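*Asks:* Each chain, letter by letter, is given below.
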Amino acid sequence: MTEADVQHQIQKLLDGEISADELAALETELMDNPEAMDSYREFLDLHCALEEEIDNAQILKTQSVVPIDRILALQRKFIIKVSLLGAAAVLLLAAVTMWYFQTPDHQPPLAKFQTAPGSDFTLTHSGESDAPTGKNMAAGSRLVLRHGVAELKLPHDVRAVVEAPAEMVLRDEKTLELAHGRALFQVTTEEGQGFTVVTPHQRIVDLGTAFGIDSPKGWDEIELHVLEGRVRVDGKDGKHGEIIKANRAVMLAGTRVKREIDNPSIGFLRHLPPKVDTLIKENFATGLLVGQNYVIQMDPPVIRDLAGNNSRGIDDDTTWNFTTGQTAAVPITVTSYAYTGTAGATDQPSNHRPGNHPQGLFLDPGNSKLTDKNPGDPKGWASGTYVGFKGTDQSSTQVTFDLGTAHEVQTITVNSCVFGSPIKSIKISTSTDGVTYSTPTPITPKWSGLNAISTTLEVPDWGTARYYRLDFASSGEWLFLGEVTFGAVPTPSHGDTLGDLEKIHPADSLGQTLSKRDESHPVAIAVYPTENSTGATPGGQLKMIFNEPIKLGSGRVFIQNSTDWSEGELVVGDHRLAIDSRTLTINPPIELKDGTRSRGWLAGWQTDATVTFLNPRGDGRWYDNDDLQDKTPTQGLTGSMRSPGMTSINKTIRREIGTITAESRYTVSAAIGVRADDAQIKSTFLGYTIRLVSGDTVLAQLTSDTPPGPANSVNTVGFSWDATTLPKDVNPGDPLSIEIIPNRANGPGYLDLNALRITVLGKTGR
Amino acid sequence: MAEKDNPEELQAYVTLMTRHQGRLRVFIRSLLPGSPDVEDVLQNTNVVLWQKRTEFEHGTNFLAWAFRITRYQVMSQHSRNKRDGKLVFSDKFLEHYAETTDTDRSYDQILNALDQCLGKLSPTQRKIVDARYETGQSIEQLATDNDCTAGSLRTSLHRIRESLKNCVKNTLSDQQK
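Each protein sequence line maps, in turn, to chains A and B. FYI, the working numbering numbers position 303 of the first sequence as 305, with every residue one higher than the one before it. FYI, the working numbering numbers position 60 of the second sequence as 593, with every residue one higher than the one before it.
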């Protein structure tokens, strides 16, 4: 480890951001390297001193000044009493004294809590003047946990581990009101017996036990799992109800046991997990605006090759400028297609070959996909509007698409079905000017049964191609091909597109670089949008492809909008800079002046339309900012709105967020805006559906046509999904996506969005 | 029951305990960096210190004695943390670090030097430090709350810490000349 690496890892440790592997490596370094240990001590001294310094400053800020004579009087009183009282009383008095010295003049807390790193919560108190500070709760304190886990230490050694999304109010030393949430409670002392969790539908009274409650928001029923001892389920009026004993899990409807739960879901967390993993944190403020001129600059160390050599960066001399167009990305079009059955393939009698029958496959109005007129409808497959064949062991059939001009296709989505046993394979070929490339090995999708199944095939990087051919091989069963879509994904054009960069650094050309990789700079061989291009429609992202695998180093990327002279800056470490092998993807920040809006493309989201970005801060065109709930410290924005950026959609947006991890619990939250009644630009509330999906299978969703709050408010809504029991045909490792859907698509009106966050909790601690 | 509750000694003992709360807290923090359990460990340490007050020989090094007790409490918390799956250093490292920590160092000098160095920060830098240490929130959370990116906040905080560390070191060095 270099000295800089050691310091970086120490700082990550201090900020709770270090990984297990990094901690192990740091420990080894500290044990072996005395200089590293010295550095560690210095950082720790500083860190601890800062904590002390800030703690002291906090106390001074929040505590009335205590006159010295009061302290002296207390000490005198203490000494006199010590001489009179026994040891027990002395202990008590000492405790009181220490309390006096250490605790500000606040309402004594009833409970305290800790949260797992990465949690998101809000703590409010019923009284402001004597509210406890820090993570302490008094009677009336309300804790809203949007993400993560909180561990509550309540009076009488009652302990609770609560998982988001949850909301609770501490009523008194023995009563916690749980509006919704999932929590494990442990009562280990006799004094704690009688501790009561009040849910919206019943009172769960402890009779000396450990029990878990799962009470999702808006549900009439809750799960009660008694792990040890017993609890009593009382009515809201306090009327005593049934006693549930250990090792029993029930679904409660009011005080009634509706049913037993035989297969409990994911276990309750018993401890705070080491951290909460965030999959997405999106403020809907990245992308490109229509009709704008952009200038990109980059510090040389931002990109390094794997040997550590810096790139040349982009400066005033090596420019990267482009202008965006006025419309959305133009989909890749199919100009013609041909169907060929080979030896052994038998045409289905009702088959309609493309181009050979008026009811066969046809191109949609955008010429971007072939469809059978019944996309996704299994009944449609049987209606004869498809192309199909029956194969033998050696048979196959091909459909060839001519894209007219050369394109680089990133994905091909094939929607088809097969009777009986699975289709053997699909092979993709591309062809340009007589040169054909093929997948090295056939792709074998998991298809079976009479169902419409959609699959997306990643197209390897073969360069641009004019023809795409899908080869289907079947094993004696009928295959029906219903729809083929080419991903209208803008991809960088290879070649001499970065102009000045390569001219200025001719020694770094691709060939020479490959021969002397360890000593040369990584060279950008292509960018998208291309240098000096106009009408760029990049889907909101910028891409740079280098001549060799790269990694992020340090420094900044500047994205200047030279039309309105706003400038965004991304520092390495920012999640908006991402590397995939040789490609750097930049999700540029949208900088909008207060009260303005603009159309553009959301970065990283799949949508075929431009969206509207707006900055609601300022003149009340959408929101009457003066009356928003939370004026500080967000300057007129609500606590849910973490930045002035917001987007309005009237079409579905979708984004892939990874793959499904078994035995995990996913939590989704987003801020939904409800425009002010007196807004200059009003909008009908469209309703919303936020859902987690895998392929076409909906895993969990939150849907509502009711505004989540009053006019002129922005409200966090959320839900969680337990990936312990997966739907049929969905398995761990399958793709996981998020979809946000305006319920009344195409309006009139828009759905205003902000602050989407998705976190996941594994089984550690359960 | 206490064997001796001499009021004067008791007063002296309470004074020592009170005076060194900060040092004990720092010692715990240094052994459990970034842990939210510091106050709990301090509280447990205080209870044990009080229970063992009669074993302390007045006139000897209170801090060294208290550090020994604190170490046991820290190791106990450390074991709990490990059991709970938290990310922690190994026992061997912790013991090595505790063994080699100089208990005679004057922590007040570090605090005084830090005071001076904090005064040299720009308002923006000071705001970042205050935000990080007042709330105890993660960098991601702070970035979200303050309308900036986690990457830029992390970079800024790292640089500020480094310059503060160097400043404190130089200040202490100047004072010793």
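Please keep in mind that the hints were generated in silico from the structure rather than gathered at the bench. From a predicted model like this one, the values you see are computed outputs, not experimental measurements. In this text, a Cβ means the ideal position worked out from N, Cα and C, and glycines have one as well. Some hints here could point you the wrong way.
[Stated by the list, open to error] DSS-like cross-link-like pairs, simulated, lysine-lysine; straight-line CA separation at most 25 angstroms:
| # | chain 1 | residue 1 | chain 2 | residue 2 |
| --- | --- | --- | --- | --- |
| 1 | B | Lys660 | A | Lys137 |
| 2 | A | Lys260 | A | Lys219 |
| 3 | B | Lys615 | A | Lys155 |
| 4 | B | Lys625 | A | Lys114 |
| 5 | A | Lys14 | B | Lys698 |
| 6 | A | Lys283 | B | Lys660 |
| 7 | B | Lys585 | A | Lys14 |
| 8 | A | Lys730 | A | Lys765 |
| 9 | A | Lys14 | B | Lys660 |
[Claimed, not checked] What the simulated footprint calls covered on chain B by chain A, stretch by stretch (three residues with Cβ under 8 angstroms from a Cβ of chain A suffice, anywhere in the stretch; the number is not a length):
| # | segment |
| --- | --- |
| 10 | 644 to 650 |
| 11 | 653 to 661 |
| 12 | 685 to 697 |
*Asks:* Hints first: check each against the structure and report whether it holds.
*Replies:* The hints, checked one at a time:
no., hint, verdict
1, Lys660(B) with Lys137(A), "holds, 21 angstroms"
2, Lys260(A) with Lys219(A), "holds, 19 angstroms"
3, Lys615(B) with Lys155(A), "holds, 20 angstroms"
4, Lys625(B) with Lys114(A), "violated, 32 angstroms"
5, Lys14(A) with Lys698(B), "holds, 15 angstroms"
6, Lys283(A) with Lys660(B), "holds, 24 angstroms"
7, Lys585(B) with Lys14(A), "violated, 38 angstroms"
8, Lys730(A) with Lys765(A), "holds, 22 angstroms"
9, Lys14(A) with Lys660(B), "holds, 20 angstroms"
10, 644 to 650, "holds (count 3)"
11, 653 to 661, "violated (count 0)"
12, 685 to 697, "holds (count 8)"
Hint compliance for this structure: hints 4, 7 and 11 are broken, all remaining hints hold.
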